[in-house]
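Student: Below are the chains, spelled out letter by letter.
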Amino acid sequence: MNARETIVRVDATYDLRIRVGDNVRRGDRIADVPDAQISTAPVSGIVTGIRFDPASHEFVIVIAHAT
Amino acid sequence: MSRITSVVTALIAVTVLVSVAPAAQSPSKDVNVVDLSFYQASTTTAAYPLTRNAQVRNVIVCIGDGMGLGQITLASLKAAGLEGRLAMERMPVTGVVRTHSASSRVTDSAAAGTALASGIKTNNGMIGMAPDETPYITILEAARARGMATGLVATSTITHATPASFAAHVKSRKGEEQIAEQLIANRVNVLFGGGRRYFLPKSSDPNTGRTDDRNLVAEARDAGYTYVTTEAELQSAEHPYMLGLFQFDALTTASDEPPLAILTQKAIQVLSQVKRKPPFPLFRPKAGFFLMVEGSQIDWACHDNDVRNTIRQTLLFDQAVQAAVDFALRDGHTLVVVTADHETGGLTFTEAARRRTDPTPHWGTKGHTGLPVFIGALGPGAGLFAGVQDNTEIPSKIASLLKIKPFPRPAQ
Chain A
0 MNARETIVRV DATYDLRIRV GDNVRRGDRI ADVPDAQIST APVSGIVTGI RFDPASHEFV
60 IVIAHAT
Chain B
0 MSRITSVVTA LIAVTVLVSV APAAQSPSKD VNVVDLSFYQ ASTTTAAYPL TRNAQVRNVI
60 VCIGDGMGLG QITLASLKAA GLEGRLAMER MPVTGVVRTH SASSRVTDSA AAGTALASGI
120 KTNNGMIGMA PDETPYITIL EAARARGMAT GLVATSTITH ATPASFAAHV KSRKGEEQIA
180 EQLIANRVNV LFGGGRRYFL PKSSDPNTGR TDDRNLVAEA RDAGYTYVTT EAELQSAEHP
240 YMLGLFQFDA LTTASDEPPL AILTQKAIQV LSQVKRKPPF PLFRPKAGFF LMVEGSQIDW
300 ACHDNDVRNT IRQTLLFDQA VQAAVDFALR DGHTLVVVTA DHETGGLTFT EAARRRTDPT
360 PHWGTKGHTG LPVFIGALGP GAGLFAGVQD NTEIPSKIAS LLKIKPFPRP AQ
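Protein chains in written order, with numbering that gives the first Met the number 0: chain A, 0 to 66; chain B, 0 to 411.
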């Protein structure tokens, strides 16, 4: 089985609904952002990394998923 | 197992990158191992004296990005103990500031900076303009129009959301390239921080943040700025227009660059010597100044839920506050306002575990919170900042003390 990684950037103003190790499904909300900016997991998989990028003031979320 | 990076577009700012991001869920760090050797704590709890019946000639606004009462209190306990106080805790007038934005109960630095600079609520992400994209004059611009010298100092890129809010007007905080152009065009006397990447032409460096070949450093020099990039250059330069960009990106807050307190001292030294344009009264040749100083990286440490760095960044910021207070107490005509744009991390603490001397920190989130923040003031007019207030009231109060009317108002 091949592993793929998808990286998602989310405005760091708002709280995240996920932690490293969480399983997410495509369409799951991943941050408590206002309704107009709904952020959802673009793929189903496991959250393998979350880091804060100060330059862009965003969380960089890594989701590992099967091909 | 092979790795393939996929390309995905999502509904918000979803960006496609390639490399593996490190797993970085930061655990709560041990407060006991903070290196505080750089910080000299006050051993008194006495408030600084009130200044009465003096005209406000200079204003210094100090903003701790993401700095809530938890951050201040943990830093204070660690550095000064129960018997001491940080400089910001010794302000003779204190109050509380509500921080919501036009679009959210939880603000970001762009909307909060706009509130603190222009006195209006706007949507998260917007800088220097109302939600309908009408630009509003900032307190810095209004002070400059009155003939005062102006300055911005930050440990982020100087084009980051908070400093940008005082001298730029853009729809998105991400427009740092455009913000850099506006900072220079706005003739801010002193610009100290990081972010050379937004001032250097695309052809000069593959990593530059510009998409064109404008060289804003050269343009600034042509416009009369002295450009410095090191602490030695900073200390030897003496000019009413100074552009100091000490890193390609944000400052490191480490020893190879001037710390925030030194940048603040230098900014005050430069701005306090700027002369009024003639004609001016012989007895009062100085222009007076407005200066904003930001401890940008308190917020960043809190996003990482890193207690040690949160304390360190708060103390670095407090050293800058001390520099502002020292000048204000000597000068007698300087108002110092210390506050935050918002709280980050939901930081609190409980009593220490057995055999430990420090409290146990707890984080509520990795994002911002809607908690109100601290405000402290010193100098003439400080009494206006007592009590509970909205963040939009702060520049309006400063404007009233500087006799700037009307404020807030749309930019021409």
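Calculated directly from the structure, the hints in this document are not laboratory data.
As the structure is a prediction and not an experimental result, all values here were calculated from the model.
Among the hints, a few may not be true.
What the hints assert, rightly or not - Chain A side only, calculated, beta carbon under 8 Å to chain B, not exhaustive:
(1) T12
(2) Y13
(3) D14
(4) I17
(5) G26
(6) P33
(7) F51
(8) P53
(9) A65
All residues carry an ideal CB built from backbone N, CA and C; glycine is no exception.
Student: For every hint, state whether the structure bears it out.
Tutor: The hints, checked one at a time:
With a cut of 8 Å, the hint placing T12 of chain A at the interface with chain B holds, because the nearest CB-to-CB distance is about 4 Å. Proximity of Y13 of chain A to chain B holds as hinted, the smallest CB-CB distance being about 5 Å (cut-off 8 Å). Satisfaction of the interface hint for D14 of chain A is found here, the shortest Cβ-Cβ separation to chain B being roughly 4 Å, below the 8 Å cut-off. A hinted interface residue such as I17 of chain A counts as satisfied when its beta carbon comes closer than 8 Å to some beta carbon of chain B; here the least separation is about 10 Å, so the hint is violated.
Nearest Cβ of chain B to the Cβ of G26 of chain A: about 10 Å, over the 8 Å cut. The hint is violated. For P33 of chain A, the shortest C-beta to C-beta distance to chain B is roughly 5 Å, which falls under 8 Å, so the interface hint holds. Among the interface hints, the one on F51 of chain A holds; its C-beta lies about 4 Å from the nearest C-beta in chain B, closer than the 8 Å criterion. The restraint placing P53 of chain A at the interface with chain B holds, with a minimum CB-CB distance near 4 Å, inside the 8 Å limit.
At a threshold of 8 Å, the smallest CB-CB gap from A65 of chain A to chain B is about 11 Å, leaving the interface hint violated.
In summary, the structure is inconsistent with hints 4, 5, 9 from the numbered list given earlier, while agreeing with the others.
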